[in-house]
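Make a model of the complete structure from these sequences and hints.
Here's the letter readout for the chains.
2 protein chains.
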Amino acid sequence: MQRILNKIKQYDTIIIHGHKRPDGDCYGAQFGLKNIITSSFPTKKVYVVGETSEFVDFIGKMDVITDDTYQGALSIVVDTAVSDRISDPRYALGQEIIKIDHHIPIDNYGDLRWVDTTFPSCAQMITYFYYKFRKELKLTLEGANALYTGIVTDTGRFRFRGVSKLTHQLAGLLIEKGVDVEYIDGELSQESLEMIALKGYVYSNFVTADGFVYIKMTRDVIEKYNVTDEQAASMVGLIGGIAGYPVWALIIEYPGEIRIRLRSSGPTIDKLANKYGGGGHAKASGCKLNNWEELPQFVSDIEQLIKVYKEEA
Amino acid sequence: MQRILNKIKQYDTIIIHGHKRPDGDCYGAQFGLKNIITSSFPTKKVYVVGETSEFVDFIGKMDVITDDTYQGALSIVVDTAVSDRISDPRYALGQEIIKIDHHIPIDNYGDLRWVDTTFPSCAQMITYFYYKFRKELKLTLEGANALYTGIVTDTGRFRFRGVSKLTHQLAGLLIEKGVDVEYIDGELSQESLEMIALKGYVYSNFVTADGFVYIKMTRDVIEKYNVTDEQAASMVGLIGGIAGYPVWALIIEYPGEIRIRLRSSGPTIDKLANKYGGGGHAKASGCKLNNWEELPQFVSDIEQLIKVYKEEA
Numbered sequence: 001m002q003r004i005l006n007k008i009k010q011y012d013t014i015i016i017h018g019h020k021r022p023d024g025d026c027y028g029a030q031f032g033l034k035n036i037i038t039s040s041f042p043t044k045k046v047y048v049v050g051e052t053s054e055f056v057d058f059i060g061k062m063d064v065i066t067d068d069t070y071q072g073a074l075s076i077v078v079d080t081a082v083s084d085r086i087s088d089p090r091y092a093l094g095q096e097i098i099k100i101d102h103h104i105p106i107d108n109y110g111d112l113r114w115v116d117t118t119f120p121s122c123a124q125m126i127t128y129f130y131y132k133f134r135k136e137l138k139l140t141l142e143g144a145n146a147l148y149t150g151i152v153t154d155t156g157r158f159r160f161r162g163v164s165k166l167t168h169q170l171a172g173l174l175i176e177k178g179v180d181v182e183y184i185d186g187e188l189s190q191e192s193l194e195m196i197a198l199k200g201y202v203y204s205n206f207v208t209a210d211g212f213v214y215i216k217m218t219r220d221v222i223e224k225y226n227v228t229d230e231q232a233a234s235m236v237g238l239i240g241g242i243a244g245y246p247v248w249a250l251i252i253e254y255p256g257e258i259r260i261r262l263r264s265s266g267p268t269i270d271k272l273a274n275k276y277g278g279g280g281h282a283k284a285s286g287c288k289l290n291n292w293e294e295l296p297q298f299v300s301d302i303e304q305l306i307k308v309y310k311e312e313a
Numbered sequence: 001m002q003r004i005l006n007k008i009k010q011y012d013t014i015i016i017h018g019h020k021r022p023d024g025d026c027y028g029a030q031f032g033l034k035n036i037i038t039s040s041f042p043t044k045k046v047y048v049v050g051e052t053s054e055f056v057d058f059i060g061k062m063d064v065i066t067d068d069t070y071q072g073a074l075s076i077v078v079d080t081a082v083s084d085r086i087s088d089p090r091y092a093l094g095q096e097i098i099k100i101d102h103h104i105p106i107d108n109y110g111d112l113r114w115v116d117t118t119f120p121s122c123a124q125m126i127t128y129f130y131y132k133f134r135k136e137l138k139l140t141l142e143g144a145n146a147l148y149t150g151i152v153t154d155t156g157r158f159r160f161r162g163v164s165k166l167t168h169q170l171a172g173l174l175i176e177k178g179v180d181v182e183y184i185d186g187e188l189s190q191e192s193l194e195m196i197a198l199k200g201y202v203y204s205n206f207v208t209a210d211g212f213v214y215i216k217m218t219r220d221v222i223e224k225y226n227v228t229d230e231q232a233a234s235m236v237g238l239i240g241g242i243a244g245y246p247v248w249a250l251i252i253e254y255p256g257e258i259r260i261r262l263r264s265s266g267p268t269i270d271k272l273a274n275k276y277g278g279g280g281h282a283k284a285s286g287c288k289l290n291n292w293e294e295l296p297q298f299v300s301d302i303e304q305l306i307k308v309y310k311e312e313a
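So the protein sequences, as listed, match chains A and B.
Note that the first sequence ends on residue 313 in our numbering; no numbers are left out.
Note that the second sequence ends on residue 313 in our numbering; no numbers are left out.
Read the hints as simulated data drawn from the structure, not as lab findings.
Among these hints, one or two may not hold up.
No copy is singled out in the list; a pair is fine if it fits within one copy or between any two copies.
[As the list claims (entries may be wrong)] Each computed PhoX-like pair below joins lysine-lysine, with the alpha-carbon atoms no more than 20 Å apart:
id: 1; residue 1: K165; residue 2: K138
id: 2; residue 1: K7; residue 2: K44
id: 3; residue 1: K165; residue 2: K132
id: 4; residue 1: K7; residue 2: K138
id: 5; residue 1: K216; residue 2: K199
id: 6; residue 1: K307; residue 2: K283
id: 7; residue 1: K138; residue 2: K44
id: 8; residue 1: K45; residue 2: K61
id: 9; residue 1: K9; residue 2: K138
Source: prediction; values computed, not measured.
Structure follows, in structure tokens:
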């Protein structure tokens, strides 16, 4: 971290990159870091570049810069495990490259790396960086809002494993800077009418089996509600946590195959996912069907899994 | 606080009460305090009494005690602003009564009171009590889970105004005691199939006007989905925060009148609520209609309010 601070001090132009399809943590880390640098060193030129994401654009606006800007500049890439996910690829034009990330490292791009998977968000890493060097660094409300947004989005509002005493300590520090938690929550909670209508479809059309609940997302549903495949797939959480239904799934039709997002709050499901051409974690896996005719057998296999689980419990 | 600790030390039997229809914060404060006292002073007899609440019963089970138990005992009432809301009323049988609460005080029951409205939850007060006297008090994981549950339920997972640096600092302390945030979240997220189905009704049947979205809860809907009036009314949040719709309402039919839960993220709505026999806050009000025939005029008034608001903005 001291070496990263030294590099920041050394360069006059610093360009901050994130990953493709950026999320709240990516934006939070990018704009939080920009705020720390510009507040602490007002003469430096700092740019944030990359793809935009509408739902977090209240955090800040991306800069548009020419290739020339990279001459003699420092590139800092945040929240991105692998180099081909970096947005945009001109990060490589920088004179030196720093990687700051909390994901399991997949490739070791960058001349200098700070990778720590114990952090539940990259924004927490940037906040910690500020905290550690707070005697010589500054952070204003704008940056605090960005960092707080990153922390809450990547932890599901302080819910996921990995949230530690340090997470709360640093969130408290940001609140002390004036962060308006209700404002940020309101911004993050904005939804489109299409997504609300799609929720209606999910809640009204899910199917229940023995301990298993699932929702089918066929092509005509996705088209009717005018949502992306990703938005459709994101609905899997809606049917989780129903009392008496420890396993749930969202089944989405793609051209040529049917993909299943499988979730559990009880039995281990990754072995079954393996059987159906997929895999993943004990409580969150993905797998496939070749066609809808295979669905009854899949449901039956899940029911059997739940039955065994209940007998053993 | 020192006087409360002295009283706790003085009594051999301590009975902890909360309020009627207890919520997560009430349970959290009750069982958290019980855990602190029994862990710190193992010879004392400590009981938690009052109404039960199914959705938080993972925190602990209420004790059933006879009237005799109150002889020479200390009653501590948490999270309850007014004496006739205390569950159960035998708290008055105690030799002395202590009130610990974070609501605006409505009556001043109790021989000794610690009331502080700057705390966003009563569980945070109990956690702070432990923290302040941590050199002589103990707290185990069971109590930490209870207190953490109280903090997250009363702050909507650290979202509401009133959440401060201290809130996060104390939450961090509880996590350090081993609190499993995912387990607690899983317990709090359990929903019944009826409530899920009712969500489906809301998301599939809301009505949009100019900037205004509302859902009608008629008697036949409430009966069809087999939910309580309160459960039906709680759905108002589902249609909030939709982009382009700054005002939303849940309209619920009661025998003889129609009540409206009105919410806004933009214009001030309490004046309009006054006009319709109600009132409340600038962004959250309640009002009434005499019959469904009055609904079109109400919708028209709301649309006008939004139009003026947008022109002024």
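*First find the shortest C-alpha distance between K216 and K199 inside one copy, then the shortest across copies, and answer within, between, both or neither for a cut-off of 20 Å.*
For K216 and K199, both the intra-copy (13 Å) and inter-copy (18 Å) Cα distances are at most 20 Å.
*asked:* If the cut is 20 Å between Cα atoms, do K138 and K44 qualify within a copy, between copies, both or neither?
replied: Within. Shortest intra-copy distance 14 Å satisfies the 20 Å Cα cut-off; inter-copy 51 Å does not.
*Given a CA cutoff of 20 Å, do K7 and K44 count as a within-copy pair, a between-copy pair, both, or neither?*
within (12 Å within a copy, 60 Å between copies)
*Given identical chains, is K9 near K138, meaning Cα to Cα at most 20 Å, within a copy, between copies, both, or neither?*
Classified as within; 14 Å inside a copy, 47 Å across copies.
_At most 20 Å between alpha carbons: which applies to K7 and K138, within, between, both or neither?_
Classified as within: same-chain Cα gap 17 Å, cross-chain 47 Å, threshold 20 Å.
*When no copy is specified for K165 and K132, does a C-alpha distance of 20 Å or less occur within a copy, between copies, both, or neither?*
both (16 Å within a copy, 18 Å between copies)
*Within a copy, between copies, both or neither: where do K307 and K283 come within 20 Å Cα-Cα?*
within (16 Å within a copy, 48 Å between copies)
*Could you figure out if K165 and K138 sit no more than 20 Å apart (CA to CA) within one copy, between two copies, both or neither?*
Answer is between; shortest inter-copy Cα gap is 19 Å, intra-copy 23 Å.
_Same-copy or cross-copy closeness of K45 to K61 [CA-CA at most 20 Å]_ = within (16 Å within a copy, 60 Å between copies)
No hint from the list above goes unmet by this structure.
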